[in-house]
Amino acid sequence: MSDQQPPTDQPCCQLKRRTFLTRVSVILGTIIGFMIAIPGVGYVLAPIFRKPKHKWRTVGKLDDFKVGGFVLVQYEDPSPVIWAGVTAKAGAWIRRVSETEFIAFSINCRHLGCPVRWVDDPKLFMCPCHGGVYYEDGTVAAGPPPEPLYKLNVRISEGLVEIETEPTPLTLTTLT
Amino acid sequence: MSNNFVTRTWNWIDNRIGFSDYIVPLMVHLVPDNARWWYIFGSATLCAFIVQVFTGVCLAMSYVPGGEETYQSLKYITDTAPLGSILRGMHYYGASAMVMMAVIHMVQVYMHATYKYPREMNWMSGVVLLFVVLGMAFTGQLLRWDANGVWSVTVAAEMAGRTPIIGPTLAHFILGGETVGGSTITRFFAMHVFIMPALIFAGIGLHMLLIMRHGISEMPDVNDPVDPETYKEAYEKRIHKTGVPFWPDAMWRDMIFSTLIVGVILGCSIFLGPPALDPPPNPSSINANPLPDWYFLWYFAVLSLLPPQLETWVILGVPTIGFIVLFFLPLISNKGHRAPSKRPWAGGTVIFGFVAFLVLTIYGYKKPWSPDFGVKELPASVVGTDHGPLAEGAKLMHIKGCLYCHDIGGYGGHRGPELTEIGKLLTRDDLIIRINNGGHNMPAFASSISDSELQLVVDFLLTRGVEKEPENPKSTTP
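Sequence order for the protein chains is R and L. Under our numbering, the residues of the first sequence are numbered 5 to 180, in order. Under our numbering, the residues of the second sequence are numbered 693 to 1170, in order.
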């Protein structure tokens, strides 16, 4: 390394050449940067732009469900990656209200997403994180949740009970 | 002869790599002779970081970032791999040490106002480093890919989702998709082992470069406030007159303290072991009790205390404003007194911050706002009998979940008011109205309790705190 400055008393063409080379280097550097970054950034951001999938997943036979309280069911989430294993599972609280009618809620508390538990005798959903409590119709009974539990669609198809899988419901409370 | 050979070999290497020319001057640069034990925390943070890098690289040899294999690999590291438990423990306690040392280092710099001219950017680079370290701590907690990890990432996504306009996009970016799952763990792994460590390495490099450029600050002198016009010159003069070489005159203290820190990290991992793994990371399993690591527990407590209308402001505001205030602090105040005795507000802020942290952390561990799912039935010693309507009423208190939130005689949760003496305070009608209709943070039970059950519960509650009349009153003739 040298502290020597390049001579400044050069003929005009030499200066022009240096300016030109500087610009070429900067432009090429920018192009190199873009060529490296675009595929990577696109790859990392791709999950954001993927359209949400809504797939119907079977959670059991119709006869498995008795009319009464809520039961926890597990199913595969809408779009698992192949290495997800047990982490591809999603859960819902489902209840057979009558012979033909079902109701299902996402297990995520609408406060900050923790898993709510159904407690059968007092007929309440309770959250272990910040004490959110919901009635059996999903409405808020106590605590900080700003919205009722997220309802999932249920259908009966050829003697099987199916739930329409959806992305993890976010509360998305807006600033007031 | 052999000595001569070693010398010649070293000289050959030194001549090529320039150790004596570049590294030695850095090591023996002059530091103030009064920079004593106060100045050990920065190097201790660096030392904890070295522990994290080394143990982290070792753990990565067995850690599998993906789905349930992650959990299995963690199990293997903890239970089977030779020294694996110690290594995982060191990484865990090392993280705590690093967060703690970084914060203590920052408090010390703040109290001595070392961030003032010309060291503003030393502080600013340090603030960025602190936030990246907290990011490391958070992503690390998720890499412990058990039930707690899964639910922590869900909470994080929910919090990010509150951001105006870009909230959902941000949440899905964190999750690596629409739901927590396999792509979340690989994403967090990349952040924890590539992106953030690279930022920390770069940040430490800049931080150290700035330390070398501006010199280690002296202890504050109450008679010598910082004046940017004259400070640098005066500092240079003083340091050449009274300064001592960093190595070994000052560094031995850093070495002693860092030895102690690494000793404590190793000792904790040997004697306390790494944190136990929760059940496997199944997002459909509801039997999780999500709690963040201790350094974030205060924030967890804050989120339960807030009125709902303030919550989103706080979730987004605390980290953002916290960063902005800390980052720009030296630009607001970069001259004047450095001595803590002349800066009472600075001392007050630190004491307030520390007390708030302590109180909220204790509150976070107690979780008095959450239902206590594991509560036991009331024992006969509290109920006063083990049969009859009173015992039935007491049993219903458990069955109907009342005890999840209410304490009676030391048994039960703390979400709602204690009911040990409720019989003295409320009438039968009051109790019936409250149970049926609910009230402030209490669900209404009208639809889930029958009339006869309600009577039993109320009969039981009315006996609480009321002196029991003796069954066979003795004649009290004087």
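Misleading hints may appear alongside valid ones.
Derived PhoX-like pairs: lysine-lysine, alpha-carbon spacing no greater than 20 Å straight-line [unchecked claim]:
1. 1068/L x 127/R
2. 1027/L x 924/L
3. 59/R x 155/R
4. 1068/L x 1058/L
5. 127/R x 1087/L
6. 1027/L x 1058/L
Since the hints were derived computationally from the structure, they do not count as laboratory data. What you are looking at is a predicted structure, and each value in this text was computed from that prediction instead of being measured.
Verification of the hints:
Proximity of residue 1068/L to residue 127/R is assessed by CA-CA distance (about 19 Å); at most 20 Å being required, the pair is judged to hold. Under the criterion of a C-alpha separation no larger than 20 Å, the hint pairing residue 1027/L with residue 924/L is consistent with the structure, at around 12 Å. For the proposed pair residue 59/R and residue 155/R, the alpha carbon gap of about 15 Å is at most 20 Å, so the pair holds. For the hint pairing residue 1068/L with residue 1058/L, the CA-to-CA distance comes to about 17 Å; that is within 20 Å, so the pair holds.
Simply put, residue 127/R and residue 1087/L have alpha-carbon atoms about 17 Å apart, close enough for the 20 Å limit, and the pair holds. With a CA separation close to 43 Å, the supplied pair residue 1027/L and residue 1058/L exceeds the 20 Å bound.
This entry does not satisfy hint 6, going by the numbered hints stated previously; all others are met.
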